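J.: Protein sequence lines correspond, in order, to chains P and S.
Oh and the first sequence: position 155 is 154 in numbering that gives the first Met the number 0, straight run, nothing missing.
Oh and the second sequence: position 209 is 208 in numbering that gives the first Met the number 0, straight run, nothing missing.
Do not rely on the hints blindly, as some may be mistaken.
[Unchecked claim] Below are the DSBU-like pairs computed for lysine-lysine, each with C-alpha atoms no more than 30 Å apart in a straight line:
| # | chain 1 | residue 1 | chain 2 | residue 2 |
| --- | --- | --- | --- | --- |
| 1 | P | Lys192 | S | Lys72 |
| 2 | S | Lys72 | P | Lys191 |
| 3 | S | Lys99 | P | Lys191 |
| 4 | S | Lys99 | P | Lys192 |
| 5 | P | Lys192 | S | Lys77 |
| 6 | S | Lys130 | P | Lys129 |
| 7 | S | Lys130 | P | Lys284 |
[Claimed, not checked] Interface residues of chain S toward chain P, partial, derived using beta-carbon atoms under 7 Å:
| # | residue |
| --- | --- |
| 8 | Tyr16 |
| 9 | Leu73 |
| 10 | Thr75 |
| 11 | Gly80 |
| 12 | Phe93 |
| 13 | Gly95 |
| 14 | Gly163 |
Derived from the structure by calculation, the hints contain no laboratory data.
Because the structure is a prediction, the values reported are computed rather than measured.
Virtual Cβ for every residue (Gly too), placed ideally from N, Cα, C.
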Amino acid sequence: MDTFVLLTLTGLALGAMYFLIASGLSLIYGLMGVLNFAHGAFITVGTYATWWSESKLDAIGSDPLRFVVAAGIGLLCGAVLGALVEIVLIRPLYQRHIEQALVTVGLSLALIALVQGIWGPTERIYPTPKWMYETTSILGAQIPNDRFVEIAAAVVTLGALTAFLRYTRYGLIIRAGVENRAMVTALGIDVKKAFTLVFAIGGVAAALAGVLAGVYFGSVDPHQGTSLLIFAFIVTVIGGLGSITGSAVAAVAVGLIQQYANYYASSGTGDLAVVLLLALTLLVKPGGLAPKVAH
Amino acid sequence: MTEPAAPLLSVRDLHVYLGPSHVLQGISFDVPRGGVTALLGRNGVGKTTTIRSLMGLVRPRGSVVLDGAELNKLPTHKIVGRGVGYVPEDRDVFAGLTVKENLELAERNGSARYDLVYELFPELQERAEQKAGTLSGGQQQMVAIGRALLNENRILLVDEPTKGLAPLLVTEVARVLEHVSETETMLLVEQNLGVVRRIARDAIVLDAGRVTYAGSAEALLSDPDRVRGLLGVAGGGAH
C-alpha cells in the first residue's frame, strides 16, 4: 500500500510538471497554431535563472525566502523570454507555420548550446530548501515534501488559468480566438496582444515547471527542459490542443501511468506505456480528450 | 444645382487573388450614405470575397475609401475601429461561448447598445447564459447580427443573413435589417430577391469578378429579363 501511495503521489508530481508545460503549449497552439518547440527553452531559462540568482542572493539569510525570490526571478525570465519570442520570432512569421516551427527548434538548440557554453554540460546541484527534501508520512509511505509543492503549484496554476480564461476580457478573447481567430479580429480586437500574453503565460508556466523540475530531480542540466518537453507534447495532444482542463487530465494520466508501469512492469516501460496511451487516444478520439476549446 | 453627396464607401479597381484564382478582377463601386445597397450575383462570382476584402480578412489590391479615409492596408481590427460592422456568412458565432459572452466580445467602447440588441432580439436576453453552439441556425444569426449592432457603425457589411433560414425567420431577419437600415448604411449580400426588393435602394451586380450593374435596385428587379440575364434567376420575387 505504501509503495502504491508513493508511486501515486510521485506520478501526480510528475504530471503536475507536465501540466505546467503543456498548458502553455496547448494555449499557444490552440490560439495561434504555433507548435512551439522553444518551450523547452522557457523551462531551461526558468531553472537556470533560479539556480544562478539563488547563488547571488547571499544578502537574504533565510534559505526558503532566498529560494522563493530566486524562483520569482526565474518566472519573470520565463515571462520575458516568452513575450520576446512571440514579438521577435513568431510575429514576423505569422501564418507561416513551417518557418515558425523551424525557428523555435533553432532557438531551443541555440539556448541549450548557450547554457552549455556558459555553465558547462554537467549536472549542477539545485538549491532546494531543506524542508522540501524532508518527508511526510501518508498511509505508511514516506513522501518527499516537494511532491506536495509540485502538485499544489499545478492545482493553483490550473485554478488561476481557468479563472483568467473565464472571468477576464483577455481570457474571453483567448477562448474565442482558439475557436475562430479571424472572427475575433473582425470584431475589432487586436488579437496580437493576446498572442503575446499567451506566450508570456506559457513562459511563466514552463519556467515554474523548470523550477520545480530542479527540485524534483535535485539537479539541473541543459537538456532537462527538452526531456520534459517531449512528454508535455504528448500530454498536449492527448488532452486536446487548446484545452487547459484536457491538458490537466492528460498530465495526471501520463504521470501516473509512467510511474506505475516503471515499477509494476519494468523500469523503462513507463515511456512505452505513455506512447501506447497516445496511440490509443488518437485512435479513439483523434482530436484528443477536449479538442479546440480553451477552458 | 447641388453637388451629389459623396459616397460613404468608395471601392476602386479592387483585385483579389486566392491562390491561383483571380477572384476580383478590378471591381469599382460606390455605396451611398444611408439605406441598403445590395451586392448581388450568382454563386461564386466574388460577393463574399468582396465583403471579406473590405474587412481586410483577405488582402486586396486597389483602393477602399470610407468617408474619405483609405482602409486598404489597415489590419482588420483597425478597419472595424473605423466603424465597419460585419455579419459574416455562416454566422461564425463562438460555439463554446455563451450568448452573453459572444456579445461582450464585440464591445468596442463603453457605449455598447445592449438595449437596442435586446429590443430587436428579445430571445438573446432570455438565452444569455446558453452556449451559442447549442442555438438553432436562426438564433445564431440573431447573435451574429446582434454582435454587429452592439456598436454604432458607419457601415454594416452583412453577408447572406437569410441563408439556410426557415421562411418565417427570413421575414424576421428582413424586418430587423430594414429597421437597422433606417439609421445605418448597409452593404448587403443576399440571394433572396424578395428581401432585396423589400429593403434595398441600390444594387451592385457582380459576375466573374467584375461589376456588371450598379444602380437602382428597383430598376433592376422590375426588369425580369435583366434579372435573368445578370443573376440567372427568374425575377418574380422571393425564392
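J.: For which of the previously enumerated hints does the structure constitute a violation, in increasing order of number?
T.: Violated hints (numbers, rising): 6, 8, 9, 14; every other hint is consistent with the structure.
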